[in-house]
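**Student:** Each chain is listed here by its residues.
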Amino acid sequence: MGALTFKRGIHPSHSKDFTEKKPIKIYTPKGDLVFPMQQHIGAPCKPLVKKGDTVLLGQKIGEAQGFVSSPIHSSISGTVKAIQDVLHPNGSKVQAIVIENDGQYTEIDTMIGRDDYKQLSKEELLEIIKEAGIVGMGGATFPTFIKLSPPPDKKIDYIMVNGAECEPYLTSDHRIMLEETDRVVKGLQIILHMFPGAKGVIGIEDNKRDAIAAMEQAVEGIDNISIASLKTKYPQGAEKQLIYSITKREVPTGGLPADVGCIVQNIDTVVAIHRAVLRGRPLMRRIVTVSGGAIKEPQNFKVRIGTSYRELIEAAGGFTEEPSKVISGGPMMGLALFSIDVPVIKGSSSILCLTKDETKVMNERNCIRCGKCVSICPMNLLPADLNKYAIHNEDDLFVQYKGMNCIECGACSYICPSKRHLTHSIRTTKRTIMAKKKK
Amino acid sequence: MTDQYIVSSSPHIRSNESVDRIMRHVVIALLPATVFGIYHFGIRAFIITLICIAACVGAESLYQFLTKRTVTIGDFSAVVTGLLLALNLPHTVPYWLPIVGGVVAIIIVKQLFGGLGQNFMNPALGARAFLLISFTGLMTRWEVDGISAATPLGMIKDGVTDLPSVANTFFGFIGGCIGETSVVALVLGGIYLIAKKIINWRIPVFYIGTVVILSILLGGRGLDMTYVGYQVFGGGLMIGAFYMATDYASSPITRTGQVIMGLGCGILTSVIRIYGGYPEGVSFAILIMNLFVPLIDRFTIPRVFGEVAKNEK
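First to last, the protein sequences are chains D and L.
Residue numbers for the first sequence follow the UniProt record's numbering, so the first one is 1 and each next one is one higher.
Residue numbers for the second sequence follow the UniProt record's numbering, so the first one is 1 and each next one is one higher.
Hints listed in this document are in silico derivations from the structure and should not be mistaken for laboratory results.
Just so you know, not all the hints are guaranteed correct.
Said to hold, decoys possible - Using C-beta positions, here's what the derived DEER-type ranges look like: (1) Ile-108(L) to Arg-209(D): 53 to 61 Å; (2) Asn-393(D) to Arg-298(L): 14 to 22 Å; (3) Met-362(D) to Ser-165(L): 50 to 58 Å.
We put the CB at the ideal spot given by N, CA and C, even for glycine.
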């Protein structure tokens with residue numbers, strides 16, 4: 001059977017050879033750990049501790065505020081040094097709790113695992129997941145308990161685990177599938193316990209043959225879980241594209257995966273669910289790929305949330321040359337940083353330090369209407385036209401040409417021979433129109 | 001904060017695609033036809049070609065210099081226009097004519113409308129039409145080896161029966177413009193462009209296909225394959241279908257639109273050839289369709305992924 005796929009898309013070079021064969025290395029932090037109160041989409045958390053307090057590993061230090069929010073826990077034991085505004089990987093300043101590490105890693109005694117998760121009800125499991133502060137770890141950081149609570153009228157028949165990892169350079173999901181194979185399966189089984197009628201599918205791009213083989217072996221004999229081999233193509237890991245590849249269902253415009261009976265979870269998120277339920281541990285760590293041409297020894301690290309990017313870069317041997325760009329996340333959708341003095345948060349999938357050659361900054365030229373952006377847009381939009389309407393502030397035409405459907409995957413900008421900032425202008429216009437609507 | 005890295009919007013990596021690369025591929029694709037044209041029509045064809053390219057590149061740089069714009073001749077698009085213009089001229093024209101053509105193509109059709117990507121009609125074709133109307137005699141003097149040689153389509157129009165063989169028409173050993181006679185050379189280049197994903201197959205296939213069908217239906221000779229052969233191989237159809245109708249700036253960007261463009265060009269070409277005064281309809285067919293492109297694009301916005309009924313599953 002051929003690999004499953006969606007229509008259109010692009011084939012950027014993988015650049016995964018830096019780290020795909022590097023086993024996950026556990027990194028022990030040296031300096032203070034910083035916990036921004038905003039590590040998820042939604043309302044920021046309220047600090048539960050004050051300066052001078054002693055905190056334990058696993059202790060909740062930030063309380064969720066509002067419905068779309070998720071609590072934050074300390075990943076070390078130590079003393080609260082300060083509560084102050086810090087630079088967030090997204091470039092903004094947010095309130096954070098700075099904790100001095102006592103190096104003891106003294107655990108709080110409330111982290112109790114449940115081997116008998118099958119005795120728990122869906123509501124009890126959701127409560128555990130919510131309290132553990134689990135969010136989508138692919139980068140979007142949407143609270144997981146909400147994703148796992150679809151409206152009651154939607155029948156869910158697929159729980160998908162997103163192991164596509166289609167962003168170049170990123171290998172953290174790949175390594176998890178190889179090294180924590182059983183935890184992925186267990187995590188998925190826990191979710192399937194909440195959705196008894198659903199089938200579990202783990203979608204993996206076919207450039208990770210070893211991961212496909214490992215996962216296939218792990219699910220052997222499990223009736224309700226299968227592995228889907230996906231064609232290596234960007235953006236295979238975009239939620240809507242992944243669902244289409246596996247089920248040929250299209251998530252309706254403005255709709256959610258649940259509208260077509262699907263729930264999609266990132267690999268690391270599934271492992272986090274496993275740890276939360278079976279071991280009672282809140283979300284305190286994640287896997288981060290530190291890579292790029294400017295990094296001496298690219299690595300996959302298992303990191304305590306709150307660790308500084310600078311420390312991780314140093315742990316990867318530091319720079320071979322001054323990077324031209326530092327990116328939090330993948331090169332297609334990640335955010336460029338102007339400083340590496342930011343902490344790892346729940347959504348930090350990677351730190352990429354790219355050389356001038358890897359991330360050439362090129363001048364925009366006239367659109368020649370070559371139509372390449374049209375031929376690759378996974379949403380079947382007309383990026384060249386949308387770009388034109390965006391630049392001329394023609395909001396009506398922008399909406400008429402369906403610009404609001406853009407998933408901002410970056411494929412059009414990538415392919416454009418005139419190096420136009422298509423994704424950027426479309427993204428900005430989308431934001432402006434949404435803001436106007438709210439008024 | 002000591003470090004300062006470049007901060008820009010994603011994506012942070014770009015492909016190697018470039019305008020220069022695309023234009024270079026077009027030049028490469030046109031080489032077989034150019035070489036054949038020079039071989040077939042002689043040194044004059046070569047000189048005309050050089051003048052055309054020089055005129056276009058010169059006009060572009062001069063205009064951009066005078067209007068204080070960035071000079072963009074390095075993107076090869078003026079070279080492509082010059083080459084296309086040359087291939088659309090008879091080799092018998094006086095040497096000043098290509099200069100006029102080049103200036104019209106670059107300055108009037110391209111730059112005055114905003115330059116690369118903004119022209120609403122193909123510059124080379126616009127210039128050709130201008131020359132054809134203004135200097136009809138000079139533009140329709142066909143010779144091969146110094147002997148006047150009408151094009152097969154012209155002969156059919158005039159009721160001449162002593163036509164060259166279809167095979168000669170196919171390979172290009174007939175009268176015509178420098179680069180339009182050899183079907184083999186043009187198709188070879190066209191396939192190259194499609195293979196390199198510079199153009200897609202829709203416009204040429206629908207264009208040529210429509211001409212084939214309409215020649216049978218409207219030509220009045222039924223399934224006379226010789227006649228159809230002349231219609232398809234004899235005039236500017238090949239160069240028009242592969243290189244002119246597919247001009248990025250003046251052809252639709254949507255897939256459906258490209259099909260409509262091909263169909264429209266095919267219908268107009270056949271109608272002009274069969275019912276019109278000119279023996280050849282390709283140039284005007286494409287130019288007329290160019291005018292409809294904005295309209296075609298507007299009415300063929302594709303169905304967005306996810307545009308399905310909400311309750312559908």
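**Student:** Run every hint past the structure and note whether it holds.
**Tutor:** Evaluated hints:
no.: 1; hint: Ile-108(L) to Arg-209(D): 53 to 61 Å; in the structure: holds (58 Å)
no.: 2; hint: Asn-393(D) to Arg-298(L): 14 to 22 Å; in the structure: holds (19 Å)
no.: 3; hint: Met-362(D) to Ser-165(L): 50 to 58 Å; in the structure: holds (52 Å)
The structure fails none of the hints (numbered hints given earlier).
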